[in-house]
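J.: From first to last, the protein sequence lines stand for chains E and S. When we follow the numbering used here, the leftmost residue of the first sequence carries the number 1, and every step to the right adds one. When we follow the numbering used here, the leftmost residue of the second sequence carries the number 1001, and every step to the right adds one.
Hints are computed from structural coordinates only; laboratory data are not their basis. Any given hint could be a false lead.
Pairs of lysine-lysine residues, derived as DSSO-like cross-links and limited to a Cα-Cα distance of at most 30 Å, are as follows [unchecked claim]:
#, chain 1, residue 1, chain 2, residue 2
1, E, K206, S, K1138
2, S, K1106, S, K1195
3, E, K183, S, K1138
4, E, K122, S, K1063
5, E, K159, S, K1004
6, S, K1014, S, K1004
7, S, K1189, S, K1106
8, S, K1065, E, K122
9, E, K138, S, K1138
10, E, K214, E, K231
11, E, K231, E, K249
12, E, K231, E, K217
13, E, K159, S, K1047
14, S, K1063, S, K1047
15, S, K1063, E, K159
So these bits of chain E aren't anywhere near chain S, every CB distance computed over 12 Å [as the list claims (entries may be wrong)]:
#, residue
16, T119
17, N212
18, L222
Each residue gets a CB set at the ideal place from its N, CA and C atoms; glycine is no exception.
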Amino acid sequence: MKYYFNCLIVLLMSCSGDNDTIKIKGSDTEVNLAVQLAESFHRINPGIFVSISGGGSGLGIASLLNGTADVANSSRSINEIEIEMFQQKGSPVDSFVFAQDAIAFVVAGDLPIDSISTTDLKNILDGHYTDWTSLTPKNMPINIYGRQSNSGTHDFVRKRLGIDFTPYAKQMNGNAQILEAIKADHSGIGYVGAGYVAHRGSGEIKVLTIYNEKNEKAVSPLDASMIAAGKYYFQRPLFQYYKAGSYDKIRPFIDFEKSEEGKRIIQSAGYYPVNK
Amino acid sequence: MTIKRREHTDWLLKQVFKGAGLITIGLLGGIFFMLIYNSFAFFVDVKPIDFFTGFQWNPENTKGKYGIAPLLVSTGLVTLGSMLIAVPLGIFTAAFLSELAHHRLKAILKPFIEMLAAIPSVAIGFLGIVLVGPGIAKLFGIANGLNALNGAVLLSVMALPTIITISEDAINAVPQTHREASLALGANKWETLFKVTLPAALPGLIAAVMLGLGRALGETMTVLMATGNASVLPTGFLDAVRTITATIAIEMGEVPYQTTHYFALFAIAVVLFLITLFINLLGEYFANRLRKFQA
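Please build the complete structure, drawing on both the sequences and the hints.
T.: See the structure below:
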């Protein structure tokens, strides 16, 4: 009986003694990438454990605040209220942009349009344009293939354009399903993470370049140098927030993300590494 | 002593089984109470009349449109479609199995039909994306096959095992003397089946359909994957639809807690719960009538 009791104590202690584990929580958009990075990182540094969980950007920042996470992944920047809360706790927060995410708008390869303005996109996605006549010589109805409203991509596009999506937009399960639908539908338009189209340069799908009224030059989401310069309209930095005081603990992992190997993983996951 | 001990065990076990039964009822009551409680908070913010008559479901909209009509019509359309396919197919399969099939063929067919129920709904949704959807698109010459028809076809596959199994029990339960009397009066096999056996089994057949309907109504994963999820009032089977179940599954993950949108999801869950409860009760009622008929 005493033996079992001792065992239990050891078990319980092992739960609390995980100070050498780097705990990362937050954005579901980034969770896959973070897991890939952590796996490779652990292979190189077997002594350091990294635990990753998703749950949303807001949850990540809340966990960082109450100490259950060391790093908060976030696909949005921290807001005023959250910064204030960190200051009240007396632990200032610091951030690191570890990758850039770009969202590409795609149409079928035979649709006679190569670039589109942000105003036209707005009109298409909120349902003002229901056919292609005002943009192309073809008179075909516009079919929108988007993501479901729990997707970060959906939310980002919506907020970046400042619109409400038309309810006629189909909501697909993921990037791959959108691409398949666009391939089959000659009058469809959809949006996917740029990484998903970067490796598939086939003729069936065309990635639109995007310009807005301020800078006339249309920018492609596949142009890494323009992304690095921050010139693409639908790009967003992926943040990692941490408490300034605990930088030493998480530094090995951040250094790994900046390394060549880290950049390679970021790129193969469909994001753009940050060049510094 | 031994008698006392036996009585004691008997009493103890009785309590255990009673407790198990009560837990089930408690769970049902608890779920229902939680749903109702949370949806009350919703009706404080949104007028019930707007909820039931609004033609738009768009909670992200700045004005917050919470009309259940598109979701209700979507659910209804997909379920109705699935029943149009599954009911004739299911009842005729059951009739074939119990009246016409050779017992060796039946021994093979029955387990296979029951195995149909064991296919995970995700796998069926997957079939909808890669096989049925593109097939429908080609057949009707439309751009994309993720629509109500696709969902209906898949749901009918999922409802079939329920319908067939219960219908077969119902047809088997019709006393042999009915058939013999009919045949003796000079009716042939078909006339006996359609004019005597099936009408006699009708309460059981209705129960089968109701339980199959309940299965189709509550299904989430398949419709989420295969119906396109556009939350607009559908005009036909070739429109993309978004059912109540899919809406809850999609939106629950990211909704900020304790907001109108959050409570709205509970409100539509209550509506779905009441519909399925009603249908299941109806099914049980007819099943009970069948049992009385047998006795």
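J.: List in ascending order the numbers of the hints, as given earlier, that are violated by the structure.
T.: 5 and 11
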